[in-house]
Every structure is written in structure tokens, then in C-alpha cells.
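Engineer: For chain W, the structure is supplied; the task is to place chain B on it using the hints.
Letter by letter, the chains look like this.
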Amino acid sequence: MEEVDVEPTITFIPGVNSQQNHLGFVWGPGDILVYETSHKAAGKQPLGPSCQDVQVVRKDEDIYSPILRKLFNESHHIFVGLQNIRDDLPSKNKKPQFVSISKNYRSVIRACMEELQQIAVSTRDLALAAQYGNQVSILLAVELIWNLCEVLFIDAAPAGSLLLHLLDWVRLHKAEVDEKARDVLRCESPTRHQFFWDVVISFVLQGRMEEARSMLAKQAALQPAAQTMFKRMDNLLLKMPIYNPSSTQTLTEFEVKWRQWHEECDACLQDSSFASNPHLETICKILVGDDDTLLEHKELLSTWYHYVVTRLLYTHPTVKPIDLHYYAQMCMDRFLDSRSPPEPLDSILLAAFEFDLHQVIKDCSIALNNWWFVAHLTDLLDHCKLLQSHNLHFGSNLREFLLLEYASGLFTHHSLWQLAVDYFDHCQGFGRVYLELLIERVPLDTERKALKVLRICEKRQMNEQVRSICKIMAKRALRNNRLGSALSWSIRAKDAAFATLISERFLQDYCSRGTFSDLDLIDNLGPAMLLSDRLTFLGKYREFHRLYGEKRFTEAAKLLLSLMTAKIAPQSFWMTLLIDALPLLEQKEVIFSVDQTHELMFCLEELTSGKAQPNPDRPMQEEDLETTKIELLRLALARNLAMAIVKEGTVEV
Amino acid sequence: MDCINAKYVSQKISKTRWRPISSASLQQPEIFATGSWDNEDNKVSLWTIGDHGLASMDEDFEGDPQLLCDIKHDGDVLDLQFLDSDKLVTASSSGAVTIYRHHQNNQTLSVAHRWDRAHHYPSDNAPCTGVVCHSPEVVSVGEDGRVILFRVDQTGVLRTIENADSSTIHAVTFLRTDEVLTVNSIGQLKLWDLRQQGNEPAQILSLTGDRVPLHCVDRHPNQQHIVATGGQDGMLCIWDVRQGNMPFSLMEAHSAEMWEVHFHPSNPDHLFTCSEDGSLLHWETSSSSDTPSFMQSGRNTSIISRSAIAPAGGNQSIISAWLAGDSGKGHLETTHMLPSQTLSVNSLDVLGQCLVCGTDGEAVYVNKQVPI
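Going down the list, the protein sequences come from chains W and B. If you count the first sequence from 1, position 547 lands on 547 in UniProt numbering, and the numbers rise without skipping. If you count the second sequence from 1, position 318 lands on 318 in UniProt numbering, and the numbers rise without skipping.
FYI, nobody ran anything at the bench for these hints, they're computed from the structure. Among these hints, one or two may not hold up.
[Unchecked claim] List time: in silico DSSO-like cross-link candidates among lysine-lysine, alpha-carbon distance up to 30 Å: (1) W:K174 <-> W:K362; (2) W:K70 <-> B:K368; (3) W:K103 <-> B:K7; (4) B:K7 <-> W:K449; (5) B:K368 <-> W:K103; (6) B:K7 <-> W:K59.
With the rest of the complex left out, here is chain W (with noise of 0.2 Å):
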């Protein structure tokens, strides 16, 4: 067994005292259900009556949130597009495409927090305010990993352009003193606002020159004395060379201009061009680098990942991907109080820049309390053919893994549950599995649901779930007396047992009442009639009635006696049937004929041999009624035969 990464945290649920007895529990897909068990716990007196309560322990309270429900939905439109890129397109061509979904699932969650921002600002509910403040905080570190990961991984930029997007990542997750700006630049005299310098400076730091120097020139308009010095300052960060992907300039060409600069900033410093003023020279000493100066302003770096990129680009502007793990390391030495232990934050992004991309999924997937983020960055990643390495013990392989527990939480959704089923589409290992156990737990309530779960399965051939759902809706149709829609939903699912059930009911009924109910499904069955036996007889019986009704009686007697001879007719219902001949032998026409009648005296006999010894059960009135039938018949078939040989053996002349 594999060692715990970390210490599990303790839940306590109110109102189960575990104590006293032992707890008992059961997974389930999302939740847990826990209870108390009836053993004791060693060497305790009972102090009470136990608990009775079944409690639900909820890990995801996410899922619930009707803001993150956007989140969830959004990144699933997402996800079912990245499914169906290509896989032969030339991987050229595919990462513009993969950087492209992953900045689309970044603005979903960018989209997201500033909802759930506006809306914790705007809710006077204290814990509720609370909650939402976590979420947004929770949605900032995400996308902040993800936007690392983007750049790391998926962009995968190389040396020159990766500080660059680095740059921009710190720029974006340190947005702060662009608000700070506005303020200073709003009051009266913005120079002479105390985060004036402040946020100079953090412009140096955030690489961002073009802002500090038209800060820098409103200070230095009001002192034309020092004119020369800034003048000197601003030509230093308007020189700053930067990197230019797109231009012909080759690296080196770069890092020798880099470092032509870069000695400027030295000469400056050395001549103590700027010791007249404290600020300027704080400038200058970042421009140059100095380690001891970016830490005395922890506070305007805020995070050790902006320090990184700050020292990175005043000191190797073209750093390699493969030695930014070196750096990140050291930075964060420098950066952390070494008495704190790093924040699960942190070690996620260290392990980021160390390129170890499975220690950045196992420690979100301990960190976070859902799915979704692992789930979605991982799929990104694996697409991205990033994960192909690394193999599980247990199920098929990490990203499969990650995406079923992500769409597993969502089936136990009451509504979300649809958005699990594309998901599970794209599993190919376990996938159809956990569908076909998920999807038969869907409550029905209504038709229209029952319709879509069905959609659902026929779509993917799950006959066996196809069938379960529609017996399901069949019986329920059946408790609630609705014959005809019992017939219907046994007739899709093709259950030929239960169509049988539901004829009998008919023809129970029929015998009972005299009429047929819901003629207009019986009297459209159409080819669905063959499903069972028992069913085509209803039909076939059904239309002998309509036959009859409509006076259309030598086909009606040729297919009542059909129904016999073939075997259609289960052998209990043979009276009635000879008890509708009765009124066919009784016209004055001869509508049997005599081979026909012959064939009715032989069913009549077939049915009275078999029971020639009377029933002592049945009450005398009964067989009283039974024998007069008999012999009604026998007088009728014996007088229709008279007659039809009669007819048959006379020429008309």
C-alpha cells in the first residue's frame, strides 16, 4: 500500500456520536452515508440512545453552487469540442488549437469568479459573503495553476518567449495595482499620493515601462532641477531591449543587446546617477537586479512566482524552460519565511515550474474538494500527448480516471447528471460502465424524462438498460390502471412477457365489461401486434369485432375460426369464441361452411373431452350455465351444417 500524502482531515458530523458506538459506511458515487452500528465502542458504557439517522456526508458542496453550475456547463461545451479534434492532424497544427481551448476554459473560470465577486460584494449575508469570498479565492488559484500550466506545457514556449508569457501571467494574477494606479492617478496631485512610488515601482517590477514612465514624467515636471536625472532614468527603461519573437533577431543578437544595457544600468549605478534621489535608485538597483533590493519589496512582489519572473527578467530574460526549476526553487527559499511551510499553492506551482506535471495533478486533486479542475486539465494535457508516460496500478489510465470521478460527482446531481453522460462518452475504458449503472438510477418522474434517458441509452445500444427503463415505465403505467400506455412502453421495449400481461388485462376486461378500452391504440397495432402471442390475438379478436360490426361476416367467421385452428387463441378463451360464433351460425345466410363447421364441432369437442368429469369445485349453478352453452352450440353447429350441406350440394341451375 501506498503511504498517505497527507494527513486526512477529521470530519465531525453532529449528531452521530462515534464515541459511544462504531460508525458504519457506505460510498457512494459523490457522498457517503454514514450511521451508527449497533457495536459497541471497547470499554464504553452506554451513555444514551443512538443515533437512527442514516446522515449523507457531502465532500462537494461546489456543485450545488448555482454560479459554478455555469462553470460546469460552459467547460463541457468546451470539452465536447476538444473531443472531437482530429487526431491525424499534424500536431503542428493542433497546438494553436489546444492553447486556444485552454485560454477558453481560463475565461469560463475568469467569467465565473467575477459573478460570484460581484455577487459577494453585493450579499449582505455574512457567511454566505464568506463562502463566496472562498470560491472566488479557490477559482483564482485554479486558474492562476492552469494559466502556468498553459504557458508551461500546452504553449510550451521556448527560451525568449516563455518569460515573456510568464510576464503576462504575473501581470494578469497581479492586478492590483492597476486599481492602485487608477487611485493615485485620480486624486489631485498623484505625485504626491503615498503609493505614488509604490506603484512605480511595481510597474519596473511587472516589466511594464511604458506605464513607469509616464508616471515617472508627472513627477519629474515638477522638478526641473533633477530634469537630467530622470531624463537619464527614462532613457534607461525606454532602452530596456525586449524580446520580439516574431522578428528576425536571433537570441544571442538579443542577449548581446540585453547586456549592453544592462552595464548601462551598471555604469549608472556605479556613478551614483541617481544617489540624489533614494527612488530613482531603488529603480535603477532592480533594473541591475540586485537580489538583496527585489526583497525589500516583498510586499509589492506580494508571492515568491512574481519575484521569480521579476529576478528572471532583469537577470536571464532568455531563461530555458528546462532550468527554470532551478531558479523557482531558489526563489522560493529566498522568498518564504523559512519557518512556514510552504501552502499547497505553492508547491503546486513549484512543481509546475519543475515540469513535473504528475505531482501538479495529485497535489490538486488533494488540495481542491472537486473534479473538475483535474479532470478538465488533465484531459487538456493528455490531448496535448503530455501524459502518455504514466501508467496506473488500478483502472485504465489518469486522465480516464479523473475524468470518471469528475462526471460520477456530477451524476449524483438531480439536474447535472446529463452533462456526466458526454464525459462518460469519452472514457473508453470504463466509460459505457459506469453509464449503464449510472443511468438506470436516473428517477423518472415524468414521461418526458423517461424519454430522454431513454434517447440517452438507445443512442449507444444499451439494450439492457433500453429495456429496464421502459418495464419500468410499463409497470407504472399498469399500477396506475393506463392500460394503453403500458401496451405502448412494453411494445418499445419489445417485452414480450409483459405485452402478454398487459392482453390479458385487455381481455379480462373485455370479459368483464363486454367493450374494449382504448381501441385506438388495439385498433392501431399494426406490425407490433406479433411481439407475443397473447398480443396478436387481442388484435386479431378486435378486429373480428370490427368485422362483425361492420356486417362483414364471412370474414369475420374465417378469421374467428382462425384463431383457433391456429392455435392463436389460448385455449380458455375457445367458449367465448364459440359463444361469437353463435349469432354468425344463427343468419339466415350460411356464412360456415361445411368444412368450417366441421372444424367448429371438432374445437368444441377438443374443449369439452378434456373436462368430461364435472368439477365438484364449481358451484352447480355454473356448470348448469356451461352445459346449456354446450348444447345451444351443439343444436346451433348441427343445424348450420343441415343447412350448409344442403346449400353446398344444391346446383344452381
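Structural biologist: Relative to chain W, chain B alone:
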């Protein structure tokens, strides 16, 4: 597809309906209602795409539907119709038919009246699957096979047709004042004359031998005998209820259940369908050149053209393009109106140049520039 605006609303949408606008005004509709399904708490909500005092001058927000008000709805909203500009009727999976009133002064919704368990089994509730209004009358249908007639101003039930259908009735529409048409789960259309007593339909139309369930029905706005239906196999059928009991034409439309079909109310040469397969189709038919499409809207008398002055007795020119058949003269064009998506489009409504639809992907799409 650029003019389509998508909004995620955190609930699966089962129905979307525009609030009616007075026929005199040339305005475009601004307010629509949605109903949700399959949620723990379902809702009826009203949205606006106009400014409506919600001062959002931002370009980005233009046309983005803003929530006006919502109210909890007991059970899934299986159908939703505007009765007039401030009242709407819902059909619930709990079997209830409810009238909601929209108070426009303070933007709230309240229940004006509810018929609980209008549709029911002997010992259980039966979902009410459809309602249709012809103010002041409301007709509802349900899985229990009943057709029930209500009047908005009366608390009782006006009339119930028990056992109107042995299977589930999926949708209902008014043909004329006293005639409604229902479609059921064994592929039949039944015409009911509400003046007639008794529980027998006046007419049954069906595709013989075919038992494909029908899910939706809509009547041509001007020619009451023309009816469009959509079924489980995604086929669009056009029927002429006066002639025979077979559909006039059958067109392959979607690859799964067609949930709704709507003629454009003022330009019925256009028709819209949506489906479980996640698509929304715009159908445009045009008759041959000498029967301009506006001839189909008989009220439009201000436009005079060569053929409008032509023989008054020649009723040929009024034959709808939908019944032109495959004769080759008329032709039919279909366009997909939504970007590809996989989850069901459950409902659509079109009014003027505006179209709104709702999906199981919890999104509402609004298009304000439908090419009509």
C-alpha cells in the same frame, strides 16, 4: 450566428415564450418567460432584453437577457403559455395547471390561480404535458389521457374529456375557437370539437402502420387547416386536416425527438423546429414566383401587386407554400441557427425578428435578427 446571444442560467430550461406584443405596434418583443425542469426547485422566470431601467450602457451587456423576476414552481414546467401580456399559464409535472400574474409595477410574479391535480391517476399525480390558451379558455392535456377545459375567470373545471386517449397526450393546440387538436405517443392526431358532448374525437389522423410518438404540434397562423407536427424520429410532418387522414408531406429534420415546431406568427413561410439532438432549424419555403409569399397572409391588404388584383375566385394563390408539395415549384431551405452543441434544445419561440430558445445545457439563446 454572430447575432446570437447565449446566457447561462443555472437551470435546465424546458420552455421559453415571448410575451405577446400588441399587433398594432411595430415593436420587437422585449420580455420572455422561461420554465425550468429537473431541478430540486424549479422556477418560472421573466427576462428582458431591453433596457428596462437596468442602466447598463455597456456595449457588452447589450441584448444580454436580464432577470426581471422569478417564482418557484412546483414540479417540472412541462408547458408554458402567455395568456395575455401579464398572465401566464404553466403545466406542471405534478399535474397542476397554474396561472401566474406578472405585476409590472414592482416586477414580481404571483400565483393568480392553481388547479391542483387537474391531471391525476386514481392514487397518484399525473404530469400535465401541455396547455394552450385562447383567452379566456385554457385547455390542458396530460399523461393520464385527459383533455381538460378551464376558464380563466372560473375556479372550477369547465369540462373534462376522460379517456380522451389511451396513451399519453404530448401536446395540444387550438384549431378554431371550439376545436382543439392533440397529438399522442402512438403517432395520432385527434381533433376534438368542444361543442360536442361525449368522449369521442371528431377525427383521428395518423401515419398508418407507423406508431412513432408525436411530441409537438402547431397550426398555421392564417390557414387553420394546415398543421405541422414533430415526432420522436425527428420528422417534420405537414398535415391538411381537411383532406384525408394522411400527412401532406414528411420531411427529415432532426436525428432525435423534435420537441417543438412553430410557424412564424406573421410570416408563416418560415417555420422553426428544435430537437433533442441539440439543433434548431429554420425552414423557409417559397412558392413559385407568381404567388408571392405575402399572399399567404390574407390580412396584408395594403400591399397591392399584380397577382393580388388577379382573379378573386382563383383560390390557388392562397394555397400555402407548405402544401405546394414536391411539385418542384416551391422549394424549401433549412438553416441551422445554433452553434454546434450536444445537449437538447427543449423549446423555442419566435416573434417578430426575435427568437429565443432554451437548452438542457442550461443556456438561453436569443437571436434578435432572425432573417424573416
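Engineer: With reference to the structure, classify each hint as holding or not holding.
Structural biologist: Quick rundown of the hints versus the structure:
For the given pair, K174 of chain W sits about 26 Å from K362 of chain W by alpha-carbon distance, which is consistent with the 30 Å threshold. Our distance criterion of 30 Å between C-alpha atoms is met by K70 of chain W and K368 of chain B, whose separation comes to about 23 Å. The suggested pairing of K103 of chain W with K7 of chain B holds, with an alpha-carbon distance near 19 Å, which does not exceed 30 Å. For a cut-off of 30 Å, the pair hint linking K7 of chain B to K449 of chain W stands: about 23 Å separates their Cα positions.
Under the criterion of a C-alpha separation no larger than 30 Å, the hint pairing K368 of chain B with K103 of chain W is consistent with the structure, at around 28 Å. Restraint check for K7 of chain B and K59 of chain W: satisfied, since their Cα atoms lie roughly 29 Å apart, inside the 30 Å limit.
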